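A.B. asks: Here's the letter readout for the chains.
There are 4 protein chains.
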Amino acid sequence: MKNTFGNSITITLFGESHGEQIGAVLDGVPSGILVDIDYIKNQLSKRRPFGCISTGRVEKDEFSIVSGVFNGYTTGTPICLLIPNSNTSSKDYDQLKYLPRPSHADYTANIKYNGFQDYRGGGHFSGRITAALVAVGAILQRALEEKGIYVASHISLLRGIKDKSIDGLDDLVSVNCKAFPVIDDDVAVQMQKEIENAGEQGDSVGGVLETVVLGLPAGIGEPWFDSLESLISHAMFSIPGIKGVEFGAGFSFANGYGSQMNDAFVLEGDQVRTKTNNNGGINGGISNGMPIVFRSVVKPTPSIYKEQQTVNLNTMQEQVLEIKGRHDPAIIHRARAVVNALTAITIADALAVKFGTDFLNKING
Amino acid sequence: MKNTFGNSITITLFGESHGEQIGAVLDGVPSGILVDIDYIKNQLSKRRPFGCISTGRVEKDEFSIVSGVFNGYTTGTPICLLIPNSNTSSKDYDQLKYLPRPSHADYTANIKYNGFQDYRGGGHFSGRITAALVAVGAILQRALEEKGIYVASHISLLRGIKDKSIDGLDDLVSVNCKAFPVIDDDVAVQMQKEIENAGEQGDSVGGVLETVVLGLPAGIGEPWFDSLESLISHAMFSIPGIKGVEFGAGFSFANGYGSQMNDAFVLEGDQVRTKTNNNGGINGGISNGMPIVFRSVVKPTPSIYKEQQTVNLNTMQEQVLEIKGRHDPAIIHRARAVVNALTAITIADALAVKFGTDFLNKING
Amino acid sequence: MKNTFGNSITITLFGESHGEQIGAVLDGVPSGILVDIDYIKNQLSKRRPFGCISTGRVEKDEFSIVSGVFNGYTTGTPICLLIPNSNTSSKDYDQLKYLPRPSHADYTANIKYNGFQDYRGGGHFSGRITAALVAVGAILQRALEEKGIYVASHISLLRGIKDKSIDGLDDLVSVNCKAFPVIDDDVAVQMQKEIENAGEQGDSVGGVLETVVLGLPAGIGEPWFDSLESLISHAMFSIPGIKGVEFGAGFSFANGYGSQMNDAFVLEGDQVRTKTNNNGGINGGISNGMPIVFRSVVKPTPSIYKEQQTVNLNTMQEQVLEIKGRHDPAIIHRARAVVNALTAITIADALAVKFGTDFLNKING
Amino acid sequence: MKNTFGNSITITLFGESHGEQIGAVLDGVPSGILVDIDYIKNQLSKRRPFGCISTGRVEKDEFSIVSGVFNGYTTGTPICLLIPNSNTSSKDYDQLKYLPRPSHADYTANIKYNGFQDYRGGGHFSGRITAALVAVGAILQRALEEKGIYVASHISLLRGIKDKSIDGLDDLVSVNCKAFPVIDDDVAVQMQKEIENAGEQGDSVGGVLETVVLGLPAGIGEPWFDSLESLISHAMFSIPGIKGVEFGAGFSFANGYGSQMNDAFVLEGDQVRTKTNNNGGINGGISNGMPIVFRSVVKPTPSIYKEQQTVNLNTMQEQVLEIKGRHDPAIIHRARAVVNALTAITIADALAVKFGTDFLNKING
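Residue numbers (my numbering), protein chains in the order written: chain A, 2 to 366; chain B, 2 to 366; chain C, 2 to 366; chain D, 2 to 366.
Everything labelled a hint here was simulated from the structure, so no lab data went into it. Owing to the predicted nature of the structure, the values given are computational and were not obtained by experimental measurement.
Just so you know, same-sequence chains aren't split out, so a pair can sit in one copy or run between any two.
Simulated crosslink set (DSBU-like; lysine-lysine; CA at most 30 Å straight-line): (1) Lys276 with Lys98; (2) Lys148 with Lys363; (3) Lys307 with Lys276; (4) Lys42 with Lys148; (5) Lys363 with Lys98; (6) Lys61 with Lys325; (7) Lys194 with Lys165; (8) Lys98 with Lys61; (9) Lys276 with Lys325; (10) Lys42 with Lys61.
Let the hints inform the model, and build the full structure from the sequences given.
C.D. replies: Rendered as structure tokens:
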């Protein structure tokens, strides 16, 4: 359903990069959830440009919540959160009206919207829009944490450099506190150096984000067609730049034998667990009580300063394009906040489908 | 929405492996589409057990269409297709009631449905259910082909053995005719040998299916949240055993620079095309007129004959499990038909959202 | 979403009057509900032609449930219920291919489906399809009754003849047991006479069904856009022949003053109740704990034996039409079963949205 | 789906009467529609308090469109329209926290949202919210008019006083221009007098709005479950105060014979039309090319100045309530704008489902 996602809890996004305001409507949220403004700001800060590896547009992300919150708590009616756009420099983009940037949505938007799209800064396709998503998602993220359900993502791979895995709640909390989401600090330094190098060359890099959800009860998800993998991937593939999603062992399933990859059931006290977690916490589309583990690949930021070939849609001639404006050599560290927020929304929705509006009071004790 | 998927065209699946009948309801299909029974049978034949690498249950897949088709054409009202279950041997499964098979849905179904699930043969989670999907999907698959939109999948990777890529319509048509969907015949022999070896050891293998859609016009899909990647992945992750989906360059985006991975725009005659297709035909969630390319990883069949560890849910003791019954050492070649059918349904739905009920008359000339 | 209705619990209908089978898929039903075949048969019997006021096609309504039920209980996966068509006499309808019957769907179906519709006996528009709805709805109807939520409908008005109102559970149970759903037996005799008279003249009559739901807890429904009135009316207006729906005082609100029509709050023990129930148990779209009361008007059966004027769509000439075949002079008494079943499904869905999959265990003690 | 309505074109509403802002998101709108600010203002002016029969809160309704419009035209991405709340006097409502007003949503909101609702001025249940609906709906209303599809509503009944019917486009245009929507000017005077009288007594009145849609092509709507009646009634019953909806002859179907009520088909030139329009332009849930005619009953404004009985939810004692604040003795003339806007949205959505995103270019020549 286009710009709305979810069954019981729904998120609607609107806004353009250089429009007046961007925003989100989060509907179906239980009443009585504490809305912690500092928590929201903290999540937004993780999405903002970072140090010398993000040299771009500095957004203040001053948000306001104009509905659905009363006396600091959610009312149960739709929450609309707005973020005004400022610090926009639209003239940077004037040349792009007819010169679609390779691997951006400029060309497809032009076809789909028949030339009426707001082309400035990528319009509705801009990563800018994700700020509103991070902000409203934080409301649910915090509520889930209060119930022992934690979401975290780290950069598990970037140009061949690998981070170690998230191992338990301590790692998760620790990586959630870091501005650059990598567990191993030495690896973090290497990755940042790689990003800086790319930036110096006017180039860009991508990477893989690994997301872990701890504390999700077993029994969430559906066989057809709302498997937990379906819901999560549907959400993730909406985020600009994500081109692959895998759960548990993911693509390495292609090389192993069943006898190696199957997750044997074991007892931990009186709890049924699996010895390994190659299925990423999901069997038959339904959570099995183990950590949910998935990885999303983020492509290199398509905005680079190097010369590229494109087609002038006005003259219908091939033309060389040099992108101006402010662009990051990598967005993967910023995408972390978006992935976490959208994962929290998706998980909360799946819980609400099963447990109803009052799901927070019905889970985890 | 649980067992229904799609916006304008919807598919609903029902049935259990050892129940009376399985079936599907396909709704929103344009009126006046020819229903070619032989075409449907042909697709079903690709899903059936194959040669010595599929030693399992032989299903006749005799289907009947009980609604929505009149005088050989679709009426525009819901199409219900039924396949009776026969040749079921439920006693094979009696022990499984309390002994969940590792990496199967037995355990999660038991939690979710509170012990009321039909546990025989995996019940609603069985790959058996996909037969109805293949059959109704074939109706749209054929209709799309008439309009120049073709879907095909081949095994691109299996235990390190790689097939070459689908290169154009000839390869696509050729692989669609093969019982074992591999382009390079030598590679096919190696892969089959690998599967046979696994089977002889009572083990199983998985692999990667690469799917190509040719002829899809540019402009299909949405930025948020119904990107073409979101819709396709939502569909694919419903298929039992699929644990990863990537588009275009997919996870290898993590290693390249933007300058290497961006798809430059070029002119082919008066057509805007891209020089490379690392984005798999999709920019900003919207088709760009290039071939849609995605890969889905299928995990090794979890049913193996080797001893495995599980937990007896009755006694709550760990126990060794030996699976009986008839099981394939690989299902990836059979999954091909399911992936194609579900891709066709998803693509047709996205076209119907854009072009309306009468979409077939509005595309490709 | 076309032929599927509902949020958490969904119903999909398929089939044509003279097709092979009609049926329904009910999805999202909790696992562990007893499926009482006799209860279902009983509901179906109320939909069947009745005595001398229904001289039409006698259907056996032999149904089979082919999925979603195991050992007599729902499994939690989709329930598909099938009813084979028999006793069809398609030749009665041959003339209707180009001669649309006034006030039937023949003409609009022809436009919508471009001539490909199954025109025999009204095809997918036939009241016949409602048999499957009644049968699957009965599963939920019974489950709700076990939790103290009762649905009943009676004919409150027919050609100026009025029945008295349902006053409490005794009336409700009593009218649910009657073959002709009227509380006052004298009124029932008069109404039946009116129907017989119309039948003897080759004519038909309509009437008003009043539906009462007892035991629904307060707090069910949404302000925008899924008010309880919205959901119920959406459902009711799908039933062929229903042309008006009103809640509580309904259209008589147009004549009273606020001071007369407002429902004052009072205490009954420690329960908040309203003194009157002009709002039919719903304030602001949400149930208030009082009985839900609504009325649906059923138009006179459009199939009459008198000569009527139509347009021959083949010759595009006006033409006199004489309808043949078997038709009831009234369907309102049979529609009762359909209204009850669909109300039960709608109420169950609204409960499941609020309380989750396991709603039956969370309501009414 | 809660606060979102529609299939292809969706509307989401947010905001509370005394919150910061109210607003709407309209999604799925075709790109390239002219956004005429004066037209929107004109529709809003019809919703505003009127003369001496509306003595209430004067709202400026200064709206801003913050997304989805670029250079005066829709972009095809979600349109967010905001209206700031001003002139609120929340202290008027303080007593209402525990004293639910009869026939308002105060009590049900308190149950549903567990005391966390914004109770000031009815919060999310306030008629105030409809201002945003009127404003965004106007965008589609104007676009439909350009294609010859017109929507208008008039007060057909108010305390026994009847207006004549809308007879053709001239009447429709004329009533759309009037501040008090009644065709017969003498009737208008009588109705206004009736409203003033009620107001002087501290009381209120309701009435019936009759809505006509001209120019809708045949073939729009679905048999199950998205009949045109289902979609329209679903929308109408979301509007606060509407308690009944009937199509064509509506509840008077209960008194006529089939032979009197059936709409005979006739030819007008080469157009198939019906002689009468008792079915209100809809057969089998699908438009037949005749004017769509429906009536909605609006209950008397529940806010009256007379003493009423309620229950103090804090002390759980019965208590007399005297409502303060500013309230209209009738809202039906203002509701007209809401009904028209929501009808336009619903009709546009149904057209988009059939004809696709580009529906405006595919209808009516």
